[in-house]
Amino acid sequence: KNQVEQSPQSLIILEGKNCTLQCNYTVSPFSNLRWYKQDTGRGPVSLTIMTFSENTKSNGRYTATLDADTKQSSLHITASQLSDSASYICVVSAVDSSYKLIFGSGTRLLVRP
Amino acid sequence: DVKVTQSSRYLVKRTGEKVFLECVQDMDHENMFWYRQDPGLGLRLIYFSYDVKMKEKGDIPEGYSVSREKKERFSLILESASTNQTSMYLCASSLTGRRYSNQPQHFGDGTRLSIL
Numbered sequence: 001k002n003q004v005e006q007s008p009q010s011l012i013i014l015e016g017k018n019c020t021l022q023c024n025y026t027v028s029p030f031s032n033l034r035w036y037k038q039d040t041g042r043g044p045v046s047l048t049i050m051t052f053s054e055n056t057k058s059n060g061r062y063t064a065t066l067d068a069d070t071k072q073s074s075l076h077i078t079a080s081q082l083s084d085s086a087s088y089i090c091v092v093s094a095v096d097s098s099y100k101l102i103f104g105s106g107t108r109l110l111v112r113p
Numbered sequence: 001d002v003k004v005t006q007s008s009r010y011l012v013k014r015t016g017e018k019v020f021l022e023c024v025q026d027m028d029h030e031n032m033f034w035y036r037q038d039p040g041l042g043l044r045l046i047y048f049s050y051d052v053k054m055k056e057k058g059d060i061p062e063g064y065s066v067s068r069e070k071k072e073r074f075s076l077i078l079e080s081a082s083t084n085q086t087s088m089y090l091c092a093s094s095l096t097g098r099r100y101s102n103q104p105q106h107f108g109d110g111t112r113l114s115i116l
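Residue numbers (my numbering), protein chains in the order written: chain C, 1 to 113; chain E, 1 to 116.
Rather than coming from a laboratory, the hints here were simulated on the basis of the structure.
The structure displayed is predicted, hence computed values, not measured ones.
Don't be surprised by glycine CBs; every beta carbon is placed ideally from N, CA and C.
All clues given are correct.
Computed Cβ-Cβ distance ranges for the label pairs, DEER-style: (1) C:Ser53 <-> E:Asp28: 23 to 31 Å; (2) E:Thr86 <-> C:Ser10: 20 to 28 Å; (3) C:Lys1 <-> E:Met27: 29 to 37 Å; (4) E:Lys57 <-> C:Val45: 23 to 31 Å; (5) E:Arg14 <-> C:Thr70: 44 to 52 Å; (6) E:Ser80 <-> C:Leu14: 46 to 54 Å.
One chain only, chain C, in its complex shape:
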């Protein structure tokens, strides 16, 4: 069964600190992996998309990594800001169904001053 699991479920860090969110998946055959940021009361917004051949991609202070062999991804946030407080959702797409995405349940991050 295609699944995406994220950890931790929630995380609290102090402003300025770094953090890393984890995503494990069992989707096969793999097409791409996406990280979305969802602010409270808003829709998800795409941060990065990585294909099988990419093992790292950055978007400002956000850096995503992908290990297609172990089926793991991480999202690293550098020098966190209060505006990073949000849910971060890992989403995986299979080759045979590019429109149908498998969503993780998200990691809720709270950045405190």
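For chain C, the structure is supplied; the task is to place chain E on it using the hints.
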């Protein structure tokens, strides 16, 4: 920037009512989607449309129907609302075709629907 607009941010309806949720996108995307989002469950696909008047069931279509009469508009219909349909509903759109398979889906800001 792609804009996906959902007609209502908050909606309160009664059990048994017929409920319409509207979604409009302004980027000429072929694909449009309706999801519901519940705590701890992630987003679940209700219905998907890849062209005008075309639709496919997602993972949880029971109790819902959809309408796509124009390319830019995708409506979700709750035929007879029930309390277990209280949820956040998200609409999304994307381009179609293999060369766009790595393009993101663009989401609206959601409609928080409460069924009393």
